[in-house]
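Participant: Here's the letter readout for the chains.
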Amino acid sequence: MKPVQSEASDDSSLREQLNQLAAFIQRALRFWKVLAVTLLVGAAALAVFLYVRQPRFRSETVILYADKGGVNRAPDSSETQRGVSARLKELVFSRPILERIVSRFDLYPELRARFGMIDAVEELKKHVEFRAPGGDTFSLAFDGTSPNQAQAATAELARLVIDGDAELRRTQATLALDFLTEERKNRDKDLRAAEEELAGFMAEHPRFALDATPLANGAAVRASMASGKAAPGPLPARAWTPRRPSTPTTAATSPAVNDANKGPTNHVRSPDEARAQAALAAAREDLAEKLVHYTPVHPDVRAAQVEVQRATERLAAITNAEPKATASEPATPAAASASPAAPAVAKAAPPPRAWQPATPAPARSATAQENLVDLETQWLKLTRAVTEARQRIDQIEAQLFRADIEVSSERGGHAVQVSVIDPAFLPQSPLPPGKTTLGLIFALASSVLGFLAMLLCAAFSQRVFVARDLAAVGEVLVEVPKASRRRAYVAG
Amino acid sequence: MSQVEVTKSRIIELALAPRSITPHVGMLGDGRSPSNGFHHDKVALRAPTTVVVEPAAPAPETPTFEWTSPVVIVEEVAQLERVDARLCMLCAPSSSQARSYRLLQHRLLAKNDPRVIAVSAAEPGAGKTTCAANLALALSEGALSRVLLVDANLARPGLGELFDFVPSDSFMIKLLRSEDCSLPLAVASVAGLNLQLAALEPSVSVGKRLDRLLFAQAIQALRASYDYIIIDAASSSESADVNDIAQCCDGVLLVARSGKTRVDALRRAVAELQPANMLGTVLLDS
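As given, the protein sequences belong to chains Z and Y, one line each in that order.
Residues 1 to 492 (the working numbering) are what the first sequence spells out, left to right.
Residues 1 to 286 (the working numbering) are what the second sequence spells out, left to right.
Among the clues, some could well be false.
As the list claims (entries may be wrong) - In silico DSSO-like cross-links for lysine-lysine, where the CA-CA straight-line distance does not exceed 27 angstroms:
(1) Z/Lys33 with Z/Lys482
(2) Z/Lys126 with Z/Lys381
(3) Z/Lys89 with Z/Lys126
(4) Y/Lys260 with Z/Lys33
(5) Z/Lys189 with Z/Lys381
(6) Z/Lys435 with Z/Lys125
(7) Y/Lys174 with Y/Lys208
(8) Z/Lys482 with Y/Lys111
(9) Y/Lys208 with Z/Lys482
To be clear, the hints were calculated from the coordinates, so they are not data collected in a lab.
Let the sequences and hints guide you as you build the complete structure.
Facilitator: Right under this line is the structure:
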């Protein structure tokens, strides 16, 4: 029995809810006057709107932007397209162009009179549309208050944009050319200075002229030194300023370098001694190079140490066999140890002694080797500077060439073809929405508002409509229905 | 307001021609002969158009009775030449509206059968006069019923207009004019109906205040002469007379009009009429 009662109660509850809903709808329908008033208000608002609203006419033009593949174009066409689209859009909405449109066609006189040209331009922006559908075409549209105005303003806007774009491209090309020309002058100066510096160095050290390659490593110089051939004397060139005059290396070693350079010409060495010195220098260099990469216990390092010891013994034997008359000037140990350009050689060299009345042959050989490394370093720097300066000039020359062509193309009008392929047309009908659509919109809006107002009135109204509304007041003895229209008519 | 116009001659024809009418001549206390007594004949009203409100069938033989009262004197007769459409008990006796008033009569019987009933409302325009008149007509349908309809709405008296006559001499007018209100009390009779009226003339009642004691004495005196006394009172928002009237009544009937009366006004009226016996509410135009 309980389920049956439950179903019955559910049905009655549902029926009760439906009855309440129907009663509420009936109650809402009693406020039909609210809906009627809302519709009347909507109709009045529509009439006022149609009377106040000015019809808008739209004219449109299509611009073809054909890039003929200038030498300075980006290889990616999509990037170029985006750039052109952005540039044209900025041109369309640029204030000078829009101000000219506003002034020429006397647009928005009230706005100009009240707020000035800036607000008129802002208003014009709302009525100008720029579209880049893709490809090489762009469309420009303008909404005017009359067909003629819309057509003329659209055509003028397109003309101004095309002219502005051409002027902009010409200006950019000219600026690029000017910049590259100036840059080339500066690079020429740099190259000239580097070459002068290199020339001064070579005049001072003519042995480096043996290296014909641009990035000479000094092998030919070493060979010439090893062969003991006298190098040609210093050229009477202009004075050469060292690159790092503040470093103690140059100051300290200058006499030594000079002495080393003068060495072969001032005192005569035997060929065996020269060979022994060269072999000792090569062995030390090999040892220093290996010490950089390996530990002292490495077999290669030990072999190099043995080789250095042998070369040293050989040189000592040759030196001892020769008479002591060839005693040279005292070497400067500080100069040898202060050379930062050859730390490995200095490390491999024997520790300096406090003072020696006569420089032995191994010390003299080490000093000459350090001087050679320093000179090679300077030689490399100078040649690299010259090479880099030449490369920069080559690049600038290429860019300058392209920029020159670009300027010539722009001046001749051969770089980009910007033309109007669809002239601005004369609009025949105003822009939608039309009167019918507006009427439907207003009717729909008014109806919705009216129904909402009816529901609100039904929900919040205190008026009595049915006996249910009087339940809170007291017992309703009887409901007297309203007299029918027919009987009322007859009675009247 | 539409009204049915019935010519006087046709009324006379309907009332007198088919049967022998014995107009009751009341023996009044002062020995005067009234111009008209209670009519126990059913009056069939015929509209001037083809649609007949009530068929003009031969009226049944209605019982007559002699009624004498030292309290009442009939000074006027409302001829009902034009029946107001609001009087649905006369215009459309078989309509749903008329049935609703007859149902109201039975509902009142179930509520200890109050004899003196005040009809009021929360706000003017709710239909007090219409409800009171139709209720009185429904109560007067009984052959032996003696019903008095009193217009106590001093702000807007409407019974005279509703029954299409200009009252000139009723005890209510004398009461307002502070004239001699000694017995017998003057009332008006409605031609062909078991209904008497104590109507007011608007020019007399405007700006006047009901004398509570005199009115209570009059109603107390009239209780013995009538089966039912229906008092058309003012709305509670118009006048405070309704409170005095409610004090001398058996119950108060509130009238509400659908789509017009407000619930909060009704609540306020109920609260203001306390401690009167609230019989219930009648909802018009539902």
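Participant: Return the numbers of the hints above that this structure violates; sort them in rising order.
Facilitator: Per hint list: 2 and 9 violated.
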